[in-house]
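Quick mapping for you: the protein sequence lines, in order, are chains A and B.
To convert, note that position 61 of the first sequence is 61 in UniProt numbering; the numbers rise steadily by one, no gaps.
To convert, note that position 134 of the second sequence is 134 in UniProt numbering; the numbers rise steadily by one, no gaps.
To be clear, the hints were calculated from the coordinates, so they are not data collected in a lab.
Using N, Cα and C, we set each Cβ at its ideal position, and we do this for glycine too.
One or more of the hints may lead you astray.
What the hints assert, rightly or not - Computed list of lysine to aspartate or glutamate pairs in EDC-like fashion (alpha-carbon distance at most 20 Å, straight line):
#1 A:Lys148 with A:Asp168
#2 A:Lys317 with A:Glu342
#3 A:Lys170 with B:Glu48
#4 A:Lys170 with A:Glu156
#5 A:Lys148 with A:Asp165
#6 A:Lys170 with B:Glu159
As the list claims (entries may be wrong) - Residues on chain B that point at chain A, a partial pick, calculated with CB under 10 Å:
#7 Glu157
#8 Leu165
#9 Arg175
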Amino acid sequence: MSDRTDGPDRATDGSRRAGEAPAPSQVDPPEGGEAGEHGGLAAEVRLRRGEFTLELSCGVPPGEVLAVLGPNGAGKSTLLTALTGSVRPEHGRIRLANHTWLDTRRRIDVPTHRRGVGLLAQRAMLFPHLTALDNVAFGMRASGVRTKPARRAALEWLRRTETGDLGDRKPAELSGGQAQRVALARALAADPELLLLDEPLSALDVAAAPAMRGLLHRVLGQQRRPCVLVTHDVLDAVVLADQVLVLDRGAVVERGSTQRVLSRPRTAFTARIAGLNLITGTATGETVRTPRGRALHGSVVEPTTPGEPAAAVFSPKAVAVYPSVPEGSPRNAIPVRVVGMEPLGDVIRLRGETDSYGPEAALAADITPAAVAELGLRIEDEVFFAVKATEVAIHPVSGG
Amino acid sequence: MGVPLPLWSPALLALALIVLPVLGLFARIDPARLPALLTSPAALTALELSVRTALIATVLALLLGGPLAVVLARSRFPGLRLVRGCVLLPLVLPPVVGGLALLYLLGRTGPLGELLRDWFGLTLPYTTTAVVLAQTFVAMPFLVVSLEGALRAAGSEYERISATLGAGPWLTFRRVTLPMLLPPLGSGLVLTFARALGEFGATITFAGSLRGTTRTLPLAIYTEAQADVDAAVAMSLLLVAIALLVILVARPKAVEGRV
Numbered sequence: 001m002s003d004r005t006d007g008p009d010r011a012t013d014g015s016r017r018a019g020e021a022p023a024p025s026q027v028d029p030p031e032g033g034e035a036g037e038h039g040g041l042a043a044e045v046r047l048r049r050g051e052f053t054l055e056l057s058c059g060v061p062p063g064e065v066l067a068v069l070g071p072n073g074a075g076k077s078t079l080l081t082a083l084t085g086s087v088r089p090e091h092g093r094i095r096l097a098n099h100t101w102l103d104t105r106r107r108i109d110v111p112t113h114r115r116g117v118g119l120l121a122q123r124a125m126l127f128p129h130l131t132a133l134d135n136v137a138f139g140m141r142a143s144g145v146r147t148k149p150a151r152r153a154a155l156e157w158l159r160r161t162e163t164g165d166l167g168d169r170k171p172a173e174l175s176g177g178q179a180q181r182v183a184l185a186r187a188l189a190a191d192p193e194l195l196l197l198d199e200p201l202s203a204l205d206v207a208a209a210p211a212m213r214g215l216l217h218r219v220l221g222q223q224r225r226p227c228v229l230v231t232h233d234v235l236d237a238v239v240l241a242d243q244v245l246v247l248d249r250g251a252v253v254e255r256g257s258t259q260r261v262l263s264r265p266r267t268a269f270t271a272r273i274a275g276l277n278l279i280t281g282t283a284t285g286e287t288v289r290t291p292r293g294r295a296l297h298g299s300v301v302e303p304t305t306p307g308e309p310a311a312a313v314f315s316p317k318a319v320a321v322y323p324s325v326p327e328g329s330p331r332n333a334i335p336v337r338v339v340g341m342e343p344l345g346d347v348i349r350l351r352g353e354t355d356s357y358g359p360e361a362a363l364a365a366d367i368t369p370a371a372v373a374e375l376g377l378r379i380e381d382e383v384f385f386a387v388k389a390t391e392v393a394i395h396p397v398s399g400g
Numbered sequence: 001m002g003v004p005l006p007l008w009s010p011a012l013l014a015l016a017l018i019v020l021p022v023l024g025l026f027a028r029i030d031p032a033r034l035p036a037l038l039t040s041p042a043a044l045t046a047l048e049l050s051v052r053t054a055l056i057a058t059v060l061a062l063l064l065g066g067p068l069a070v071v072l073a074r075s076r077f078p079g080l081r082l083v084r085g086c087v088l089l090p091l092v093l094p095p096v097v098g099g100l101a102l103l104y105l106l107g108r109t110g111p112l113g114e115l116l117r118d119w120f121g122l123t124l125p126y127t128t129t130a131v132v133l134a135q136t137f138v139a140m141p142f143l144v145v146s147l148e149g150a151l152r153a154a155g156s157e158y159e160r161i162s163a164t165l166g167a168g169p170w171l172t173f174r175r176v177t178l179p180m181l182l183p184p185l186g187s188g189l190v191l192t193f194a195r196a197l198g199e200f201g202a203t204i205t206f207a208g209s210l211r212g213t214t215r216t217l218p219l220a221i222y223t224e225a226q227a228d229v230d231a232a233v234a235m236s237l238l239l240v241a242i243a244l245l246v247i248l249v250a251r252p253k254a255v256e257g258r259v
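Working from the sequences, and respecting the hints, build out all of it.
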């Protein structure tokens, strides 16, 4: 095998040749947004591993983020290995824009290094012998860009991931959060056709995760390639994803827009893993203003800019139920109509719908059976869900 | 954590078992004769032959054993475990047996030796080449085992990331796998060289003990020990000095217990 085979002639991009001046979109991260043309992802996969079978089809339009949610062992990581090409499904078709990566019927299986698939994994996995800058330049160097322009572009990518001053450091000298930012820059700098995020926040500590989530939110919003995010944390999906696909034991349980799936889960399984209340609107400081003009007060987790799409997120456990508008401390009292009650462990999960917070606002409250009896609650009752501002977290959400 | 008391006395005994004999060697020296013995033609010839053959054997071990380590650590094929076991064979086999095996394969009447003689006019036994082959046979597993262990410890995750960044297998090997292997490679090479330098059993069986062509330092020591003990001790000191140099200068990490 020769070096030539490692060159830029990816099956997905015939326009690049080793030695040629690289396309501007590859070397210079464009100001503001991505100039490069990107197509959507369409994948159908059936993959058996022992007794486990993963079977799904999914599509992600360019610029959108699909979150794949599910418990451990649901098949999330298996899906990623099929997309990267490290595992070949028994049956499947994976297409990106006009390029076929995998078609088992036509015996097409493009190897990983020719697919153009960027991966940000749980751990940063920066090459320990290279500086942060050379880590980021690695993908460009592999596709034939000379050292100097590759380093220049890499520095720009480091700046975009807010690590512009860390270029000279070796990975061992970076914190977990810093390393993960550099790894994001490295994945994007290789100009992949498809970006895969594999639990990108789960190895970070509680202080670093929100900052990284905010950065991902900003960076993903500026780019036009399709992106698949695998996570077990619903919050990641809330902030980063446009669409959600819920997996259980290798099969799709539910799919749809993030807001719909998480706020109005159609299956009990999704409801169990979603388990949070979500009201979307626009950010204005410490509040989220809904399309119907109501405001929800909370505390900001990842920084939002005023007017940006945002979500107020709170746990059903944080909700208290009142028969009339409560007086005093709780700053948020939401009028709801009770539409369901089901036991959940030793509490009752109360489902309510509200028109005043937007068309898709369905809320849940976990209260004790004693409280249900005391309030004499029945289906169709009109009550108020009250939640303290300190229990409401405000996150930016994907506007795409 | 403190070391439990009962472990101390066997530990000290073990240390004594290693250190005392070497000190005994020093005690046996006749300082007056030492310079002359160390610079005797027999000693110098043997030293030069030993260093030259051990270096060539180390390079051979690297060129052949390095790729073998990568294949063992990274590929999957039926019988891989069996192959890995075979690689360990020279480590557990008495070197004399290894020498006999080489002799019966490559000797004048051996299946491969006959071919070599008929086709190329080559006879290997009792040549310097035979010394190098014997040393490589015995020492190469040290390199393969240490490299394979390092490769497995590093895992293939970095290589997977490299592929997602567009680097093909050969580029990934050169730019990712190889640079990360350099530190363990250094200690593996030092161990291999040290083992090749001390090789005795396989060499004397396969290559004999011909002065100037196959009589390496260990063989010279054995030969001299029967005639002039002082000369043998002096040459032993040479080997001890080289061994100390290897440990102190190269400080192989595998020897120090951190890989």
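Do the hints match the structure? See the list:
no.	hint	in the structure
1	A:Lys148 with A:Asp168	15 Å, holds
2	A:Lys317 with A:Glu342	14 Å, holds
3	A:Lys170 with B:Glu48	43 Å, violated
4	A:Lys170 with A:Glu156	18 Å, holds
5	A:Lys148 with A:Asp165	18 Å, holds
6	A:Lys170 with B:Glu159	18 Å, holds
7	Glu157	6 Å, holds
8	Leu165	4 Å, holds
9	Arg175	7 Å, holds
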